[in-house]
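So the protein lines, in turn, are chains F and U. The first sequence finishes on residue 134 if you use numbering that gives the first Met the number 0, and the numbering steps up by one all the way, no holes. The second sequence finishes on residue 536 if you use numbering that gives the first Met the number 0, and the numbering steps up by one all the way, no holes.
Hints in this document: simulated from the structure, not taken from any laboratory. All figures in this text were calculated on a predicted structure; none of them were measured in a lab. Be aware that a few hints might be false.
Stated by the list, open to error - DMTMM-like mimics (lysine to aspartate or glutamate), calculated; alpha carbons at most 20 Å apart, straight line: (1) U:Lys-288 <-> U:Asp-104; (2) U:Lys-290 <-> U:Asp-253; (3) F:Lys-77 <-> U:Asp-254; (4) F:Lys-77 <-> U:Glu-243; (5) U:Lys-194 <-> U:Asp-103; (6) U:Lys-440 <-> F:Asp-102; (7) U:Lys-467 <-> U:Glu-108; (8) F:Lys-77 <-> U:Glu-463; (9) U:Lys-82 <-> U:Glu-108; (10) U:Lys-467 <-> U:Glu-243; (11) U:Lys-159 <-> U:Glu-465; (12) F:Lys-77 <-> F:Asp-102; (13) U:Lys-288 <-> U:Glu-318; (14) U:Lys-288 <-> U:Glu-353; (15) F:Lys-77 <-> U:Asp-508.
Unchecked claim - Have a look at the derived ranges for each label pair, beta carbon to beta carbon: (16) U:Ala-482 <-> F:Ile-32: 47 to 55 Å; (17) U:Ile-131 <-> F:Gly-101: 32 to 40 Å; (18) F:Gly-101 <-> U:Thr-24: 53 to 61 Å; (19) U:Ala-531 <-> F:Ile-32: 20 to 28 Å; (20) F:Glu-123 <-> U:Pro-105: 30 to 38 Å; (21) F:Pro-7 <-> U:Glu-450: 47 to 55 Å; (22) U:Ala-482 <-> F:Pro-7: 23 to 31 Å; (23) U:Ser-475 <-> F:Pro-7: 22 to 30 Å; (24) F:His-37 <-> U:Arg-361: 48 to 56 Å; (25) F:Pro-7 <-> U:Val-490: 49 to 57 Å; (26) U:Glu-450 <-> F:Gly-101: 51 to 59 Å.
Unchecked claim - Far from chain F, by Cβ distances over 10 Å, these chain U residues were calculated: (27) Leu-106; (28) Ala-240; (29) Arg-285; (30) Gln-315; (31) Glu-369; (32) Tyr-427; (33) Arg-434; (34) Glu-453; (35) Tyr-527; (36) Ile-534.
Don't be surprised by glycine CBs; every beta carbon is placed ideally from N, CA and C.
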Amino acid sequence: MSGGEAAPIRVLMAKPGLDGHDVGAKVVCRALIDAGMHVVYTGLRQSPEAIAEAAARLDAEVIGLSVMSGAHLPLCQKIGAELRARHLEERLWIVGGVIPAGDEQALRELGVDGVFPIGTPFEEIVRFIRERARP
Amino acid sequence: MSEAGNDEAAPVVWESGLEIKPLYTPREVEGSGGTAAIGLPGEYPFTRGIHPLMYRKRPWTMRQYSGFGTAQETRERFLYLIKTGNTGLNVAFDLPTQCGRDSDDPLAEGEIGRVGMAVDTLADMEEAFQGIDLNRITVSLTINGAAVPIMAMYFAMARKRGLDLATLRGTAQNDILKEFIGRGTWIFPVDPSVKLVGDTIEFCARHVPKYFPVSVCGYHIRESGATPAQEMAYGLAIACAYVEHALARGLLIDDFASGLSFNFDIFGNLWEQVAKFRAGRRLWARILKEKYGARDPRSQQMRMIAGGGGGGLTIQQPENNIMRSTCYALASALSGTQTMALCSYDEAYTIPSERAARISLRTMQILMLEIGLCDTVDPLAGSYFIETTTNEMERLVSAVMDEVEGQGGIVASISSGLIQAAVSRQAYEREQRLRSGVEKKVGQNCFVEEEEEERAVLLHPYREEEAKRQIERLASVRRGRGAAAVRKALVELERAARAGENVMPAAMDAVEAYATVGEVCGVLRDVYGGYAEPIRF
Numbered sequence: 000m001s002g003g004e005a006a007p008i009r010v011l012m013a014k015p016g017l018d019g020h021d022v023g024a025k026v027v028c029r030a031l032i033d034a035g036m037h038v039v040y041t042g043l044r045q046s047p048e049a050i051a052e053a054a055a056r057l058d059a060e061v062i063g064l065s066v067m068s069g070a071h072l073p074l075c076q077k078i079g080a081e082l083r084a085r086h087l088e089e090r091l092w093i094v095g096g097v098i099p100a101g102d103e104q105a106l107r108e109l110g111v112d113g114v115f116p117i118g119t120p121f122e123e124i125v126r127f128i129r130e131r132a133r134p
Numbered sequence: 000m001s002e003a004g005n006d007e008a009a010p011v012v013w014e015s016g017l018e019i020k021p022l023y024t025p026r027e028v029e030g031s032g033g034t035a036a037i038g039l040p041g042e043y044p045f046t047r048g049i050h051p052l053m054y055r056k057r058p059w060t061m062r063q064y065s066g067f068g069t070a071q072e073t074r075e076r077f078l079y080l081i082k083t084g085n086t087g088l089n090v091a092f093d094l095p096t097q098c099g100r101d102s103d104d105p106l107a108e109g110e111i112g113r114v115g116m117a118v119d120t121l122a123d124m125e126e127a128f129q130g131i132d133l134n135r136i137t138v139s140l141t142i143n144g145a146a147v148p149i150m151a152m153y154f155a156m157a158r159k160r161g162l163d164l165a166t167l168r169g170t171a172q173n174d175i176l177k178e179f180i181g182r183g184t185w186i187f188p189v190d191p192s193v194k195l196v197g198d199t200i201e202f203c204a205r206h207v208p209k210y211f212p213v214s215v216c217g218y219h220i221r222e223s224g225a226t227p228a229q230e231m232a233y234g235l236a237i238a239c240a241y242v243e244h245a246l247a248r249g250l251l252i253d254d255f256a257s258g259l260s261f262n263f264d265i266f267g268n269l270w271e272q273v274a275k276f277r278a279g280r281r282l283w284a285r286i287l288k289e290k291y292g293a294r295d296p297r298s299q300q301m302r303m304i305a306g307g308g309g310g311g312l313t314i315q316q317p318e319n320n321i322m323r324s325t326c327y328a329l330a331s332a333l334s335g336t337q338t339m340a341l342c343s344y345d346e347a348y349t350i351p352s353e354r355a356a357r358i359s360l361r362t363m364q365i366l367m368l369e370i371g372l373c374d375t376v377d378p379l380a381g382s383y384f385i386e387t388t389t390n391e392m393e394r395l396v397s398a399v400m401d402e403v404e405g406q407g408g409i410v411a412s413i414s415s416g417l418i419q420a421a422v423s424r425q426a427y428e429r430e431q432r433l434r435s436g437v438e439k440k441v442g443q444n445c446f447v448e449e450e451e452e453e454r455a456v457l458l459h460p461y462r463e464e465e466a467k468r469q470i471e472r473l474a475s476v477r478r479g480r481g482a483a484a485v486r487k488a489l490v491e492l493e494r495a496a497r498a499g500e501n502v503m504p505a506a507m508d509a510v511e512a513y514a515t516v517g518e519v520c521g522v523l524r525d526v527y528g529g530y531a532e533p534i535r536f
């Protein structure tokens with residue numbers, strides 16, 4: 000509601016890997032749309048290249064991934080490389096899904112800025128993006 | 000009207016939209032359509048169950064979802080499950096298998112054996128079921144997009160063992176339409192996907208008549224955000240789409256309809272679930288008889304697995320989920336299910352531990368053996384409340400089906416993304432109701448623990464070694480098979496697919512020659528193309 004003149008924050012939401020459980024991704028998309036952001040959702044089974052390409056095309060300020068299968072580490076490793084190849088490493092990168100607490104540090108080392116395991120309140124994600132997307 | 004004096008009571012409205020009165024009497028039953036359609040169990044329209052004696056003759060089958068890693072590990076798990084008293088197996092496949100990719104496909108990297116068993120060739124299937132009597136244990140294959148090669152492998156394995164396909168039992172999930180709404184393991188566009196389901200229905204009707212080639216899933220649609228009435232309505236509409244496709248091919252309704260079974264979800268209001276199932280059973284019988292002219296009672300009977308879903312479980316205070324799941328299992332038994340499964344109490348945040356999976360199984364066994372649920376058939380029948388809400392639920396489900404029909408039918412509504420958009424909007428709205436506390440969830444939005452214990456999210460550790468071994472095994476099968484036979488079979492598969500013929504015979508020959516899941520699906524992908532997901536909000 001505040002700062003109505005600013006252009007909406009551009010978010011790319013993506014489902015990498017083969018996992019088809021997209022309720023979480025879609026629900027978070029809606030929460031971000033409701034919070035006034037401009038959200039593009041890639042749909043399922045996107046390759047790391049396709050995700051980075053879509054982020055570049057959108058000039059996304061936020062790149063969000065949803066992974067429920069447990070494959071978040073190998074996927075983020077590849078996606079991180081693709082983002083760097085397109086000079087997108089400074090963009091806010093967040094990951095949600097079934098993420099064990101023990102993997103958070105490893106994700107951060109790959110360049111992930113925020114980790115939101117299932118059950119995280121929407122407001123927390125929205126607040127994080129508002130505070131961090133436009134430094 | 001008997002509303003005087005009720006004005007003070009707060010309204011009670013079920014998720015499906017039914018407003019519930021504080022008191023039901025014979026008057027409500029009459030007003031909702033009466034008792035004429037209740038009938039007897041085992042008789043049309045099967046409101047009270049599909050068998051005359053139900054659990055007095057045969058209690059429900061207990062079948063927990065399992066499978067991970069390689070075929071060898073999965074086999075060990077299967078043997079353990081059989082030893083602990085499971086009477087059926089529900090096979091989980093890993094995502095590469097489900098998406099029609101081999102373990103050595105670059106897209107499979109990091110996913111091999113992660114959420115289920117990796118199957119590349121018939122050799123894996125044979126290893127997984129070695130020493131398991133396929134006539135004694137009923138096997139359910141949770142496979143959809145890649146159902147053609149996986150079902151072909153299962154049948155080929157049975158044939159190689161010398162079993163008669165004419166008597167082979169079992170179930171494949173093989174409901175591709177719901178995959179476009181939830182779960183997402185589609186491979187091909189919508190229309191050829193339905194055609195492939197038709198191929199399996201036709202093949203089974205001709206060659207594997209005791210097998211259930213399709214288990215229509217309301218389950219995943221409900222988990223994706225549908226109400227119980229929508230779950231039943233979309234499930235029935237999807238089943239009708241398969242029926243109409245099979246009829247259009249020239250099959251006779253009574254030659255295949257009994258091969259269709261159902262998979263439904265249970266969470267939320269107990270009575271709403273019971274009304275949903277009794278109404279759904281009646282509606283399916285009416286549709287089959289009146290619309291499609293089925294005369295064989297088996298065609299009219301809704302056989303189902305009805306299990307406690309993850310949608311009702313909470314991450315907070317997860318032990319409470321044991322109580323929730325007990326109620327879901329109770330609802331399932333009171334609804335006359337054939338097969339039961341329960342999500343484990345830790346399933347909201349992790350892959351179930353062995354302990355949690357055992358508690359689920361024990362829950363079902365306690366209900367079956369200790370509290371009298373098998374004493375008599377359909378014990379809730381005749382309740383003013385249950386019969387009224389069953390009548391009303393039937394009307395609600397019919398209305399949703401009419402609405403879908405008005406939008407051009409279920410296949411068109413899925414192709415355009417209309418249903419997906421509607422259910423995901425509802426999932427969001429439910430999430431908001433839970434956040435605001437309008438919908439109560441103990442431990443999550445009320446009676447919250449100040450200090451919630453840290454939950455250990457356990458995933459099966461990904462073992463690069465196992466994945467590597469699976470890839471080596473695939474390479475060795477590829478080296479050892481007759482390359483010419485595989486080539487010939489795949490060429491024939493492509494020809495059959497392009498000609499619009501049934502692909503199952505060619506797929507059987509291909510997998511028997513040890514063609515891989517990825518090769519079979521690759522040929523079909525070349526013919527049919529890939530699927531472009533409609534993104535709608």
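> Hey, F:Lys-77 versus U:Asp-508, does the alpha-carbon distance stay inside 20 Å?
Replying inline: violated, 38 Å
> Is 49 to 57 Å right for how far apart the beta carbons of F:Pro-7 and U:Val-490 are?
Replying inline: At 53 Å between Cβs, range holds.
> Would you say U:Tyr-427 is clear of chain F, with no C-beta pair closer than or equal to 10 Å?
Replying inline: About 4 Å separates U:Tyr-427 from the closest Cβ of chain F, which leaves it inside 10 Å; violated.
> Does the structure keep U:Lys-159 and U:Glu-465 at a Cα separation of 20 Å or less?
Replying inline: With a Cα-Cα distance of about 27 Å, the restraint between U:Lys-159 and U:Glu-465 is violated, given a limit of 20 Å.
> Is F:Lys-77 within 20 Å of U:Asp-254, Cα to Cα?
Replying inline: Violated, because 50 Å separates the two Cα atoms, which is more than 20 Å.
>> According to the definition I'm using, a residue is off the interface if its beta carbon is farther than 10 Å from all beta carbons of the partner; does U:Arg-434 meet that for chain F?
In response: violated, 7 Å
>> I want to verify a distance hint. Is the separation of the beta carbons of U:Ala-482 and F:Pro-7 within 23 to 31 Å?
In response: The hint (23 to 31 Å, Cβ to Cβ) is violated, given that U:Ala-482 and F:Pro-7 are roughly 56 Å apart.
>> Given the hinted pair U:Lys-288 and U:Glu-318, is their Cα-Cα distance within 20 Å?
In response: violated, 45 Å
> Are U:Ala-482 and F:Ile-32 spaced within 47 to 55 Å by their CB atoms?
Replying inline: For U:Ala-482 and F:Ile-32 the Cβ distance comes to about 53 Å; the hint holds.
>> Check whether the Cα positions of U:Lys-467 and U:Glu-243 lie no farther apart than 20 Å.
In response: Violated: U:Lys-467 and U:Glu-243 sit about 44 Å apart, past 20 Å.
> F:Lys-77 and U:Glu-463: Cα distance at most 20 Å?
Replying inline: holds, 17 Å
> If you draw a straight line from the CA of U:Lys-194 to the CA of U:Asp-103, is it 20 Å or shorter?
Replying inline: violated, 28 Å
The earlier numbered hints that this structure contradicts are 1, 3, 4, 5, 6, 9, 10, 11, 13, 14, 15, 21, 22, 23, 26, 27, 30, 32, 33, 34 and 36.
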